[in-house]
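Chain by chain, the residues:
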Amino acid sequence: MNWQPNKHLYTFHGGIHPPENKQQSTQAAIETALLPSKLILPLQQHIGQQAKALVQVGDQVLKGQMIAEPNGYVSAAVHAPTSGTVTAIEAHALPHPSGLSEQCIIIEPDGKDEWAQLTPVVDYQQLAKADLLQHISDAGITGLGGAGFPTAVKLNPSEDLPINTLILNAAECEPYITADDMLMREHAAEVITGLQIMAHILQPEKCLIGIEVNKPEAIAALQHAVDELQLTELITIERIPVKYPSGGEKQLIQILTGMEVPNGGIPADIGMVCHNVGTAVAVSRAITKGEPLISRITTITGEAVSRQGNIEVLLGTPIDTLLAHFGVKQDKLHRLVMGGPMMGFTLDDVSLPVVKATNCILAATRKELPDPAPEQACIRCGMCAEACPASLLPQQLYWFSKSREFDKALSHNLLDCIECGACSYVCPSNIPLVQYYRFAKGEIRIEEHERTASDHARQRFEARTARLEQEEAEKEAKRQARAEAAAAAKKAKEAASDSNDDKAIDPKAAVVQAALERAKARKAKKAAETATGEVADDTPSKQPAVDKDTPKLSAVERAKARKAARAAEQGNEQTTDKAAKKGGLSALEKAKAKRAQQADGSKPSEQPESSSKAEKKGPSALERAKAKRAAEGEQLTNSDTAAVDNTEPAKAMSALEKAKAKRAAQSSDAESTAAAAAPVSALERAKAKRAEQAQQSPSEPAAEEQKPLSALERAKLKRAQAADNEASVETSAASTTDRPDSADKKPMSALERAKAKRAEQAMQDAAEDSAADTENRD
Amino acid sequence: MTDYLLIIVSTVLVNNFVLVQFLGLCPFMGVSNKLDTAWGMSLATTFVLTLSSVCSYLVYTYLLAPMGLEYLKTISFILVIAVMVQFTEMVIKKVSPVLHRVLGIFLPLITTNCAVLGVALLNLNKDNNFVESLFYGFGAAVGFSLVLILFAAMRERINTADVPEPFKGSAIGMITAGLMALAFMGFTGLTSA
Amino acid sequence: MTILTAILILLALAAVFGIILGYAAVKFKVDEDPVVDQIDNILPQTQCGQCSYPGCRPYAEAIANGDEINKCPPGGEATIHALAELLGRDFVPLDEEHGEEKGKRVALIREAECIGCTKCIQACPMDAILGAAKHMHTVIADECTGCDLCVEPCPVDCIDMVPVEVTLNDWRWHLPGAPETIQKTELIATDKHPAPAQDSANDAANDKKNDGNTEASA
Chain G
1 MNWQPNKHLY
11 TFHGGIHPPE
21 NKQQSTQAAI
31 ETALLPSKLI
41 LPLQQHIGQQ
51 AKALVQVGDQ
61 VLKGQMIAEP
71 NGYVSAAVHA
81 PTSGTVTAIE
91 AHALPHPSGL
101 SEQCIIIEPD
111 GKDEWAQLTP
121 VVDYQQLAKA
131 DLLQHISDAG
141 ITGLGGAGFP
151 TAVKLNPSED
161 LPINTLILNA
171 AECEPYITAD
181 DMLMREHAAE
191 VITGLQIMAH
201 ILQPEKCLIG
211 IEVNKPEAIA
221 ALQHAVDELQ
231 LTELITIERI
241 PVKYPSGGEK
251 QLIQILTGME
261 VPNGGIPADI
271 GMVCHNVGTA
281 VAVSRAITKG
291 EPLISRITTI
301 TGEAVSRQGN
311 IEVLLGTPID
321 TLLAHFGVKQ
331 DKLHRLVMGG
341 PMMGFTLDDV
351 SLPVVKATNC
361 ILAATRKELP
371 DPAPEQACIR
381 CGMCAEACPA
391 SLLPQQLYWF
401 SKSREFDKAL
411 SHNLLDCIEC
421 GACSYVCPSN
431 IPLVQYYRFA
441 KGEIRIEEHE
451 RTASDHARQR
461 FEARTARLEQ
471 EEAEKEAKRQ
481 ARAEAAAAAK
491 KAKEAASDSN
501 DDKAIDPKAA
511 VVQAALERAK
521 ARKAKKAAET
531 ATGEVADDTP
541 SKQPAVDKDT
551 PKLSAVERAK
561 ARKAARAAEQ
571 GNEQTTDKAA
581 KKGGLSALEK
591 AKAKRAQQAD
601 GSKPSEQPES
611 SSKAEKKGPS
621 ALERAKAKRA
631 AEGEQLTNSD
641 TAAVDNTEPA
651 KAMSALEKAK
661 AKRAAQSSDA
671 ESTAAAAAPV
681 SALERAKAKR
691 AEQAQQSPSE
701 PAAEEQKPLS
711 ALERAKLKRA
721 QAADNEASVE
731 TSAASTTDRP
741 DSADKKPMSA
751 LERAKAKRAE
761 QAMQDAAEDS
771 AADTENRD
Chain Y
1001 MTDYLLIIVS
1011 TVLVNNFVLV
1021 QFLGLCPFMG
1031 VSNKLDTAWG
1041 MSLATTFVLT
1051 LSSVCSYLVY
1061 TYLLAPMGLE
1071 YLKTISFILV
1081 IAVMVQFTEM
1091 VIKKVSPVLH
1101 RVLGIFLPLI
1111 TTNCAVLGVA
1121 LLNLNKDNNF
1131 VESLFYGFGA
1141 AVGFSLVLIL
1151 FAAMRERINT
1161 ADVPEPFKGS
1171 AIGMITAGLM
1181 ALAFMGFTGL
1191 TSA
Chain V
2001 MTILTAILIL
2011 LALAAVFGII
2021 LGYAAVKFKV
2031 DEDPVVDQID
2041 NILPQTQCGQ
2051 CSYPGCRPYA
2061 EAIANGDEIN
2071 KCPPGGEATI
2081 HALAELLGRD
2091 FVPLDEEHGE
2101 EKGKRVALIR
2111 EAECIGCTKC
2121 IQACPMDAIL
2131 GAAKHMHTVI
2141 ADECTGCDLC
2151 VEPCPVDCID
2161 MVPVEVTLND
2171 WRWHLPGAPE
2181 TIQKTELIAT
2191 DKHPAPAQDS
2201 ANDAANDKKN
2211 DGNTEASA
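Protein chains in written order, with this note's numbering: chain G, 1 to 778; chain Y, 1001 to 1193; chain V, 2001 to 2218.
Bound conformation, chain G alone:
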């Protein structure tokens, strides 16, 4: 029967008629697969994400066993084509135009060809659609027409895209390739079964099989199968005229239905889904027999092989095995092409494997596929536009691609180009037009990628700049606050103090002076109490000055002041100097202490009240400052002053503890011991002291102290944790009974320990000296 094209069909613009060269490979039946010595299975044989290997080197695998699983939604599994051992999982050159290497699983067959456990679906019509799709996905089926898109994804269009037509692409328009032709001749029933299964999944209104009229045997076989299965209502076989590239998805849809896939869209947008007949057979085998995709029909053709034909080849078979099987003539082989002469690419390395998309291996002689003629100037003849099946303007695209005007190329619908090669075929100047378009598409993709990357980089940079500015602003604010507090304190102090001539420019000096004054006051008070029993009037004006001088009270100075006070109790004023000297106070501070002593001497009556009040209020100013700091969220990085503060309390910790212990020893005052036992920080100690001497229980400052307490402690803890975690034996020895909070005690840095030691030493010396001096003085 002379198969004429069906009359009611449409056509697409352009197209060419290259010589078919198909009958060379259709003379014999499909050969059975041969077992090569090794199988190379790339993890990326499809569009989408690379599969994830499931096996390891040395594993034994069975035929059909899944050796790599899909990685993501658009991905496909890989199965072992035969039983054997996994000898390597390494980078191997891919059959790709780039020649790049990617991960491949290399299997050495053991010759037994043992199947794994297969799980066919007994009655697919009972199974849910999702389960069927999972089954197809597990079988690793991708489009076998050459593109390699995962079939399960294609069979699952989104909900809002109803499918009305399912099309099987049996056109096989490219010259030389006859794989689908032979498949349909020999396995027509499986093709139709596969189509049935797909139709069950997609539920279209009708199914069409588009086949070119140059395949009469295949048409007859298919028609017979359709009749046998009584599916003539559902399935129509459409005979289409021979034209390249009718086998393109969009072109076939246009021929069969007259509808065009929209710009930038997919066939599902107009209710169509198109699959290759090879894919249909794979689906049929996967569902009815449970066989995964482990082999495919490949055409081996070209003048450089002695025998041409089709073979069912195991995936991963190295091409040199195939060529040897078909008797390649090395001296005649000029070019080895994977795919057809229009859309295939040249292979440099014959050891590359067959992959899921390999529909043809063309071993061409120089005469068959001569070297491309030199590219000449475009004569603007317009033949390319006449031939383009997508109705594009190849000449314009050529000019734009050449001059890198990619935005103009995009506006001329460069992305609709299916790279069929019809334009290059007809060009009288032998311009490789498709290479220009591929170049332009690549450049556009890279430019867009770079634009996204640079936008991302800019955002990151701006975020970082903002973060740094914010940190800077916070620091600035803190500095401001501290400066203001110091200035205010200084101003108040200057305003209040007229007798004290020390123009304390250094706030620390003022602080020290205040501490010394307090100490003196206390001492004087004690002396006054013991001697006269008087309690002088308060001088409120003086108090705020003293109080505000102590925002950054140095605990060392406090300790020294207390020590001085103690010494003064025993009536020796020079102790202060000595203690100060021993403790390493600066000359300025010593001078201040002296002056404080003088003041002390000149105004004894004022001291006691002032001292007691000072003591009461002093720490509260300190607490206030500390509270402020805590409120501002003091960070460890900002710890210069904090460190100093922390160091000194730490220093003072042991020093004070020593002092307390000594005091306790000296006075054997139960209260002081208890007080010495309780505290954890300098503030608490101050509190305790106050409680001890003034015999008041400050409840108000307690709350205030909590915050600075925690800030101070936090800072200390942080610093301590950063340092070595040595158990500070000395510290614990120094403060035996008095540290319920071990966290406070434990992390004493070496620096702190040294300082503590020094303070301790100073204390002891001072004590000795005071005793000596007392003797001397007296």
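Hints are computed from structural coordinates only; laboratory data are not their basis. Cβ coordinates follow ideal geometry from the N, Cα and C atoms, glycine included. Incorrect hints may have been included.
[Unchecked claim] Okay, the calculated bits of chain V under chain G, using three or more residues with CB under 8 angstroms as the criterion:
#1 2044-2050
#2 2122-2129
#3 2159-2169
[To be verified] Only part of the chain G face toward chain V is listed, based on derived beta-carbon distances under 7 angstroms:
#4 E102
#5 Q435
#6 Y436
#7 F439
#8 G442
#9 S454
#10 A457
#11 R458
#12 R460
Using the hints, position chains Y and V against chain G.
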């Protein structure tokens, strides 16, 4: 009505200001490298040409002629044109700073575009009334724009073409302009004068 | 008298037009030049400073004020072309003083030598280095733009700039006729260039053999 149509046809095609009367060649050669700038320039020139043509007519008819100061027409027309150009430049700078930057010096150079002054002066020779002046100016502008855009499109294509080395750049541009002028000579005789 | 009238008329005209222009100048005042944003969008945002400005935005502002457009090596020729097109200026080749156009590179820290000083972290304009004080530092390759700013501050010099390898996803076709593709052969024979050393003699022999062997198969 026919008169106005005739005026349009005459100014756009038959007596095209650029290709037939050879006025305004400076922006024609200078701004026609890219199609986008040519669009911008033609819009700007249309705006200036139409308004200045009308304003010049008004100034002449109601100010200079009654006072007998016809000899002042050149300087006052230039004044009018300069003001129009300044105004247009401000508008463009506000609306599209990129276009303003791209047009660059050519925007103020519309002031010295002999086509603009030429339209204003030639208008007088024709004894047009107000509406006719309007159409005359507008038609001249449309003619200028048409030729500018055509030429820019051609130059863009020529830029990427395989031009022999000695001809690259303005040389081939001049040749193309000459060929265009030759083509426009085909319109001769369509309208009288 | 006529002279006076003429002058007065002209003055009057000038005054009227001056008023119109003055009003327009106020009405159509432009505050900022958004072309800086467009320039900044074209620049590659590596913030490397090779253009001698402290970042891409300052360079964009400088270009808007008239600076040369050929100072950005990471952007390369493509960026210069894009800038030239945007600003209507001529293309100028990359100014070699500021550096060469190298392929994309990312920083790599040799972790065995890293001392955890955080100097490179502070230097990185992208926050692309992960680490903390006295902890291991490492470069997040996806965020690294190859700006080179981390190499100098490292006190133990343990940072290398390694070129990014091409993967299957990055690979793209080359321009036909470019040197890395096939060599164009001269169509018209000339004595200037000797004929390419092909096995043309062998080809002729082979073709003859083919003609003999091949049956007329179609």
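Results for each hint:
1. 2044-2050: holds (count 4)
2. 2122-2129: Contact hint for the region 2122-2129 of chain V vs chain G: holds, 4 residues under 8 angstroms.
3. 2159-2169: holds (count 3)
4. E102: Constraint on E102 (chain G) satisfied, holds at 6 angstroms.
5. Q435: Because about 4 angstroms separates Q435 (chain G) from the closest Cβ in chain V, which is inside the 7 angstroms limit, the hint holds.
6. Y436: Holds, because the Cβ-Cβ distance from Y436 (chain G) to chain V comes to roughly 6 angstroms (cut-off 7 angstroms).
7. F439: holds (5 angstroms)
8. G442: Holds: closest Cβ of chain V sits about 3 angstroms from G442 (chain G), inside 7 angstroms.
9. S454: holds (4 angstroms)
10. A457: holds (4 angstroms)
11. R458: holds (4 angstroms)
12. R460: Where the cut-off is 7 angstroms and the nearest Cβ of chain V is about 5 angstroms from R460 (chain G), the hint holds.
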